[in-house]
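> The lines below spell out each chain.
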Amino acid sequence: MPEAGSREAIGVEISRVTHRYAPRNGAQVTALANISLGIPRNQFHALLGPSGCGKSTLLYLIGGFIPVQEGEIRTASGLVRGPGPERGIVFQNFALFPWKTVKANVLYALAQRGSRGSEADQRAQHFIDMVHLTGFEGSYPAQLSGGMQQRAAIARTLATDPDILLMDEPFGALDAQTRRIMQEELLGIWRASRKTVVFVTHDVAEAVYLADSISVMSARPGRIQQRIETDFNNRNDPGILRNPEFVDTVEHVWELVRAEVDATKAGRAAA
Amino acid sequence: MSGAVLPAPVPAPNLQRLRQAAGSCVALGGLLVFWAVAGQREWIDPFLLPPLGEVLQRLLEDVQFGEFATNAGLTVYRTALGFLIACVLGIPLGIAVARSAALRWFCAPLISVGFPMPKIAFLPVFILWFGVYDTSKIVMVAFASAFTLVASAEAGMRGVDKVLVWSARGMGAGPVGLFFQVLIPAALPQIFTGLQIALPTALITAIASEMLMGGAGLGGAMLQAGRFADSVGVYAGIVETAAVGMLVVAAMARLRRGLLHWHPEFARR
Amino acid sequence: MRVASRILPVLLVLLLWEGSTRLGFVSRAALPPFTVVMQALAGLVADGSLWANAAKSVPRSLVGFAAALVVGTLLGGGMALSRPFRTLVNPLVQVLYPLPKSALIPLLLVWFGLGDTSKSVLVFLGCLLPVVLSTFNGIAGVNEVLVWSARSMGASRAAVLWDVLLPAASPQILTGVRTAIAFMFLLMVSSELVIATNGLGYMIGALGDRGAYPAMFAVILVVSALGFAADAGFQAMSAHWLRWRE
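Protein chains in written order, with the numbering used here: chain A, 1 to 271; chain B, 1 to 269; chain C, 1 to 246.
Because the hints were derived from the structure by calculation, they are not lab data.
Possibly wrong hints are sitting among the right ones.
Straight line, CA to CA, 25 Å or less: simulated SDA-like cross-link-like pairs of lysine to any residue [stated by the list, open to error]:
| hint | chain 1 | residue 1 | chain 2 | residue 2 |
| --- | --- | --- | --- | --- |
| 1 | A | Lys100 | B | Ala186 |
| 2 | B | Lys162 | A | Pro67 |
| 3 | A | Lys100 | B | Ala229 |
| 4 | A | Lys100 | B | Leu259 |
| 5 | A | Lys100 | B | Phe180 |
| 6 | A | Lys100 | B | Ala155 |
| 7 | A | Lys100 | B | Gln181 |
| 8 | A | Lys100 | B | Phe179 |
| 9 | A | Lys100 | B | Ala267 |
| 10 | A | Lys100 | B | Thr193 |
| 11 | B | Lys162 | A | Glu169 |
| 12 | A | Lys100 | B | Leu178 |
| 13 | A | Lys100 | B | Leu188 |
| 14 | A | Lys100 | B | Glu265 |
| 15 | B | Lys162 | A | Ala142 |
| 16 | B | Lys162 | A | Gln28 |
| 17 | A | Lys195 | B | Val165 |
| 18 | A | Lys100 | B | Phe266 |
| 19 | A | Lys100 | B | Met252 |
| 20 | A | Lys100 | B | Val176 |
| 21 | B | Lys162 | A | Tyr60 |
| 22 | A | Lys100 | B | Pro264 |
Between the sequences and the hints, there should be enough to build the whole structure, so can you do that?
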């Protein structure tokens, strides 16, 4: 496991985090067991694993939406104690305010940061243009397709200028073609802004394509089974998906995940 | 792909709707024709089903001489005031119940007990407490509408998708801003649905109260007509009441469209 | 434990009632203490008047309700399955829908007088619409792929109706029936307060006119309890019938 490095280089530092919950009709469940993970600043990091492995829970803990029970999570701004604009989040079902137009949604984010008036208006337009939604500022979410709604959600989150971008299977609700386009666009945005991204997905190819580094998580109780560095410099080459090294990596990671999926099926708790 | 919006609506559905409306008009017209003919030929005892012409004439007279305005006005006034009181008291209560576990523990059983009660049974109590004039009717209307309003306000608040709240908090929203700018708009569709259900209830209750207590108002006038065997008056009253009912429902639907124009239910697909 | 915590608030309210009236915060003329009301109730049970009136109210209302269920489901189903039928019946629905059902009370007085029939018909007319609408929406709203699957397996139209459409529509239909139950009680009480010579609603009015307020409150509580029990019982049955729904 790579060292955390100096404080300034920290994106997200997770130390010995354990999370348990008790469902209504059963014994206590350990969702995450003693997770420690250091994500350097500006890294695009994927949390990959089978359903129920706790990757979304870990994301919500980083976001501060669920309180940390055991262990601690730190960012460059200090200990995580609750939600905050330096950790922006994008959800799978977009979470746009349906009663506001696209622009109004983005303006809302800017208003929380104290930006108002014509300055805010210009900045909102900037982000809307960045996600290629120019011309749809005045549309309501119900009038937009899934892909467009997700772009709007991303624009809104980017408008708070977060250091860290948390993404919870953001393309899961989109069809395969839209998903691929959005993946490419997301890479473009990330390269331009160089934020730290923590990206939850169960799609192996997506993780290998997008991320610099992947934490493959084990089935419940969730642990970091292995960390894979995926260093493809030529990611913006459309032929990357046929690159043999890329394909091998995908296969390798898939084998790791499949072992975990089988483990879940067999009901064995990972050692 | 980014440029593509939703396809334009196919013309056929609109044509279909037109055909349906036409069909309904024909069916309704047929009914009225049957009524007119039955009255003329006296297929049915004219006391039970007075001729359409006489009913129409009475309707005209009611409008002309102000009877309709007076009665409808009174009924609507009592309904509206009672309903308003129920809104002002009930909706904040419902919101508070959704936010406070203690309040919820106390109020939820009371609401679920009170909901299925035929609240009109309490009318004699309100007469006892508030006399025989408007106050008792208004209180009765308020009491009858309140339960639905509290329940739907509570459900609306509880039903707000938590990712909306998390997004807002993630953007740095404070508790007050969160409440007014996120929770209330998100809960509004369901709260408004509650209003749309409660208002007809308020109208039914007002009319029933008027019938019991007599006096002016659509209910009182109709019952008086019934007691005096004035069946034409009864029919005219029903038509007038139906008209008021339709106006009320239509007005609420219009208001919903205005307030909730952003909601997916109105999206052109 | 759960049941106890649900009853506790109600008990607290009753306690408040008893306390405030006994201690004089609330005038006893306006609100007799709970215990006094219970005593009056015991009296009504003992002299048989409660039972006699209930025996008049309930059967005639149930008749109207049952008829509304049968006719309503047939109408609603017919509307969902046959477009010409729907075009024919729809205007009646559209006209009746915004009409406050209590407005029909004087009309039924004219048609049937003060006897049992007027109550039954009123309940029938009032409960009809919720059942028609919920049956229509329920059946029309069934996902067509369910029907297609069944037909491709060789099911006849009748079998599709019975085995697929009705079960799939049942949650919505049952919701409509629940509304109809509430309307039944509402119309039963309303009509008996206004155009009756017997029955529980009439009893409330008569006791009030006589000034027998504790007894009046007692009957009101009985009627409320009946309404609550009917609703709770129906919900329990619905939960059982719909237990396939996760």
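> Output the indices of the hints that this structure fails to meet, ascending.
Number 3 only.
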